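Given chain A, put chain B in place with the hints provided.
Just so you know, the protein sequences line up as chains A and B, in that order.
All you need for this note's numbering is the position in the first sequence, starting with 1, plus 321.
Going by this note's numbering, the residue at position 83 of the second sequence is 65; the numbering climbs one at a time, nothing skipped.
It should be emphasised that the hints constitute simulated quantities derived from the structure, not laboratory data.
The model shown is predicted, which means the values in this text are computed figures rather than measured ones.
Among the hints, a few may not be true.
To be verified - These stretches of chain A come out as covered by chain B in the derived footprint (C-beta under 8 angstroms, 3 or more residues): (1) 356 to 364; (2) 424 to 432.
Unchecked claim - Keeping only pairs whose Cα atoms sit at most 25 angstroms apart, straight-line, the calculated DMTMM-like set for lysine to aspartate or glutamate is: (3) A/Lys390 to A/Glu336; (4) A/Lys370 to B/Glu51; (5) A/Lys343 to A/Glu385; (6) A/Lys422 to B/Asp12; (7) A/Lys343 to B/Asp41; (8) A/Lys427 to B/Glu(-3).
Unchecked claim - If you anchor each label on the Cβ, the simulated ranges turn out as follows: (9) B/Asn8 to A/Asp375: 30 to 38 angstroms; (10) B/Val34 to A/Pro339: 18 to 26 angstroms; (11) B/Thr59 to A/Ala335: 31 to 39 angstroms; (12) A/Ile372 to B/Leu9: 39 to 47 angstroms; (13) A/Gly337 to B/Ala43: 30 to 38 angstroms; (14) A/Asn338 to B/Lys(-9): 44 to 52 angstroms; (15) A/Gln323 to B/Ser62: 28 to 36 angstroms; (16) B/Thr2 to A/Pro328: 31 to 39 angstroms; (17) B/Thr59 to A/Ala326: 16 to 24 angstroms; (18) A/Ser349 to B/Asn10: 38 to 46 angstroms; (19) B/Ser62 to A/Asn333: 41 to 49 angstroms; (20) A/Ser349 to B/Lys(-4): 41 to 49 angstroms; (21) B/Asp41 to A/Pro361: 19 to 27 angstroms.
Even glycine gets a Cβ: it sits at the ideal position worked out from N, Cα and C.
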Amino acid sequence: AQSVAQPEDQVNVAEGNPLTVKCTYSVSGNPYLFWYVQYPNRGLQFLLKYITGDNLVKGSYGFEAEFNKSQTSFHLKKPSALVSDSALYFCAVRAPNRDDKIIFGKGTRLHILP
Amino acid sequence: DGGITQSPKYLFRKEGQNVTLSCEQNLNHDAMYWYRQDPGQGLRLIYYSQIVNDFQKGDIAEGYSVSREKKESFPLTVTSAQKNPTAFYLCASSSGGLNTEAFFGQGTRLTVV
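Looking at chain B on its own, in the form it has when it is part of the complex:
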């Protein structure tokens, strides 16, 4: 089945640690996105990538990093510089045309302990 897979579903991080969230898609989509979801704040864009080896900062990129070495993969690292990382993280992909919808993974819930 084609789709977009995020792992793990739940992740716990100690303060001061970096953690990496995985996002893989087999839809052959060019564009990939990372969003953060907090209660009452909707989805906020962290980073996005329109093509392999290229990515752009979104609205809340501070404390996060990404890479796009392969078309299928867009991992997100939450660094220790992110002061409030506890949130639900959503990865999405689209074929890249403005008239195309995005497909979402099932999300990763990150909790700092």
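Just chain A, same shape as in the assembly:
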């Protein structure tokens, strides 16, 4: 079955330090992977996606993510965290030939400490 796992409920990082938010997936076939961010009482905003090609993808607000097929992972990263990055982050996957579902992980709350 198609699934996404975000193993950390919360990640705390000091401002200015690099951050990583982890995501692993399980699909049949080649995945399409996405990261979204959610601020309190708002909808989700798209950050970046991996479709094919370069394993390192760059997105909005200085975020990037690394696709690793052998580890079935798609970790979100940023070289230098800002307090304004504090939010809830969701990883999502779509799989070929699996109709049009978008499956989300449970989310990881990122706290950037000043």
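Frame of chain A; chain B shown alone:
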């Protein structure tokens, strides 16, 4: 501006009542989705529609109903059969290709009183 609009932002329902949440998009997207968000459980798929006049159940469809009579609109009805309807509901749309991201509305917070 193109976008996806959910209304109302806050909704209160008495037990035993049906309520309908509105979702409208002007992005000309074929696919639309309804998710329910509860603390610590992420987003769970209720229903989705890939094309007008067609929709499929998601993982937690029991107690909910939808319609897709127009491309722009995908209303969700929370029926009295839904035992625990208090949650944050999110509507999304996408152009339908697997490589495309979804666009989300701002959500409706439903509370049973």
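Each hint, compared with the structure:
1. 356 to 364: With 4 residues close enough to chain B, the hint holds.
2. 424 to 432: holds (count 5)
3. A/Lys390 to A/Glu336: Violated, at about 30 angstroms.
4. A/Lys370 to B/Glu51: violated (31 angstroms)
5. A/Lys343 to A/Glu385: holds (12 angstroms)
6. A/Lys422 to B/Asp12: holds (13 angstroms)
7. A/Lys343 to B/Asp41: Holds - the C-alpha atoms of B/Asp41 and A/Lys343 are around 24 angstroms apart, at most 25 angstroms.
8. A/Lys427 to B/Glu(-3): violated (28 angstroms)
9. B/Asn8 to A/Asp375: 30 to 38 angstroms: holds (33 angstroms)
10. B/Val34 to A/Pro339: 18 to 26 angstroms: violated (46 angstroms)
11. B/Thr59 to A/Ala335: 31 to 39 angstroms: violated (46 angstroms)
12. A/Ile372 to B/Leu9: 39 to 47 angstroms: violated (20 angstroms)
13. A/Gly337 to B/Ala43: 30 to 38 angstroms: Because 45 angstroms falls outside the window, the suggested range is violated.
14. A/Asn338 to B/Lys(-9): 44 to 52 angstroms: violated (36 angstroms)
15. A/Gln323 to B/Ser62: 28 to 36 angstroms: holds (32 angstroms)
16. B/Thr2 to A/Pro328: 31 to 39 angstroms: holds (37 angstroms)
17. B/Thr59 to A/Ala326: 16 to 24 angstroms: violated (32 angstroms)
18. A/Ser349 to B/Asn10: 38 to 46 angstroms: violated (31 angstroms)
19. B/Ser62 to A/Asn333: 41 to 49 angstroms: holds (42 angstroms)
20. A/Ser349 to B/Lys(-4): 41 to 49 angstroms: With a Cβ separation near 45 angstroms, A/Ser349 and B/Lys(-4) satisfy 41 to 49 angstroms, so the hint holds.
21. B/Asp41 to A/Pro361: 19 to 27 angstroms: With a Cβ separation near 25 angstroms, B/Asp41 and A/Pro361 satisfy 19 to 27 angstroms, so the hint holds.
The structure fails to meet hints 3, 4, 8, 10, 11, 12, 13, 14, 17, 18 from the earlier list, while all remaining hints are met.
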